[in-house]
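Chains Y and H, in that order, are what the protein sequence lines are. For the first sequence, the positions run 262 to 446 when our numbering is used. For the second sequence, the positions run 262 to 446 when our numbering is used.
Since the hints were derived computationally from the structure, they do not count as laboratory data. Certain hints may be false.
Copies of the same chain look alike in the list, so a pair counts if it works inside one copy or between any two.
To be verified - Under the rule of at most 16 Å between Cα atoms (straight-line distance), these lysine to aspartate or glutamate pairs were calculated in the EDC-like manner:
hint, residue 1, residue 2
1, 445, 385
2, 312, 385
3, 415, 333
4, 410, 349
2 protein chains.
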Amino acid sequence: MAKSMVGNSRIGISPSVIVGAVVNGKANYITLGQYSGLSMNPPMVCISTRKAHYTNAGIKENGYFSVNIPSDNVVQKMDYVGLVSGKDTDKSGVFTNFYGAVDKAPMIEECPVNMLCKVDRVVDLPNYDVFFGEIIETYVDQDCLTDEKPDMEKINQVLLSGGKYCHVGSECGNAFSDGKALIKK
Amino acid sequence: MAKSMVGNSRIGISPSVIVGAVVNGKANYITLGQYSGLSMNPPMVCISTRKAHYTNAGIKENGYFSVNIPSDNVVQKMDYVGLVSGKDTDKSGVFTNFYGAVDKAPMIEECPVNMLCKVDRVVDLPNYDVFFGEIIETYVDQDCLTDEKPDMEKINQVLLSGGKYCHVGSECGNAFSDGKALIKK
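Next up, chain Y with everything else stripped away, as it sits in the complex (with noise of 0.2 Å):
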């Protein structure tokens, strides 16, 4: 296979989710594509976003966050948030909120997935302030469990793929499975 070198940068899917913050005493939300597992136990994820970002000072301020899982349902809405700072425009009233242990970081109904976390530690870059949080509940709707379990399928989630927001497609493997027959007894 020949291969181009192309720069360096980074190529690849995204999850799309929507960041939830309380700012100035209001629900704010942001889209990020940059955003991650980084613990089963305790169960931590990170998001990275710009430090120009009018979220950020919310988040340092009440230590808490939300990440919201996209569904084809809320794309237009998703964009929007991502497109429009909450420096200028009130984006309170975009979904509808709700909250969950604390009242310092507002949740969206609309997403299928919703967990609150609370800030472990903020990690400074030049450009970018990456917080890691530690989630605290995880919100899953009703009619996406399958015998009370969450059903990747019922969730529907979207990604970021290029600058398309895409569907899951066809499966094509089983984790933590197909490898097995490559083991050497």
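Dock chain H against chain Y, hints included.
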């Protein structure tokens, strides 16, 4: 929409990536579902890997790792290198290795996208090392380019959704565009 609180686990799709490192002088690989972009400028990513893993010492010693984006041709091998440890198993011959600007992290010929990363810092979590890396070089298979740009459709990235490896599916929106219709003039 009725919600259920289902504990505090992370729910959602992850990019599954194969991370390359030189460990004890040999190419070694591990599969991780904890990977994200952090910054566009400089281009940075993070990976999080359990402290018990064999790979961590090699990344720390050499100061480099690679992120290899899988397509469906490597699913079984990706799963395999995630199942067996370099402590017991020599994984240097599983893929066709190549090296970029430095010989401190192997990359995988069979993966359509490869990013050579220089460690920026290691963030210490209770059970995980979180490596922040600056992307030094990005390689793409020439047959995954269209007009010399990476083509996500040709790259055909595989994701991890629940316990399944999955293709990307149909488009459902345009990022940085669909939300414009909601902006009030």
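Item to check | Homo-oligomer pair classification [residue 385, residue 312; C-alpha up to 16 Å] | outcome: within (9 Å within a copy, 23 Å between copies)
Checklist entry - 16 Å Cα cut-off: does residue 410 pair with residue 349 within a copy, between copies, both or neither? => result Close neither inside one copy (40 Å) nor across copies (35 Å); limit 16 Å.
Next on the checklist: Cα distance capped at 16 Å. Does residue 415 pair with residue 333 within a copy, between copies, both, or neither?
Outcome noted: Classified as within: same-chain Cα gap 11 Å, cross-chain 23 Å, threshold 16 Å.
Checklist entry - When no copy is specified for residue 445 and residue 385, does a C-alpha distance of 16 Å or less occur within a copy, between copies, both, or neither? => result neither (45 Å within a copy, 34 Å between copies)
When the structure is compared with the earlier hints, violations turn up for hints 1 and 4 and for no others.
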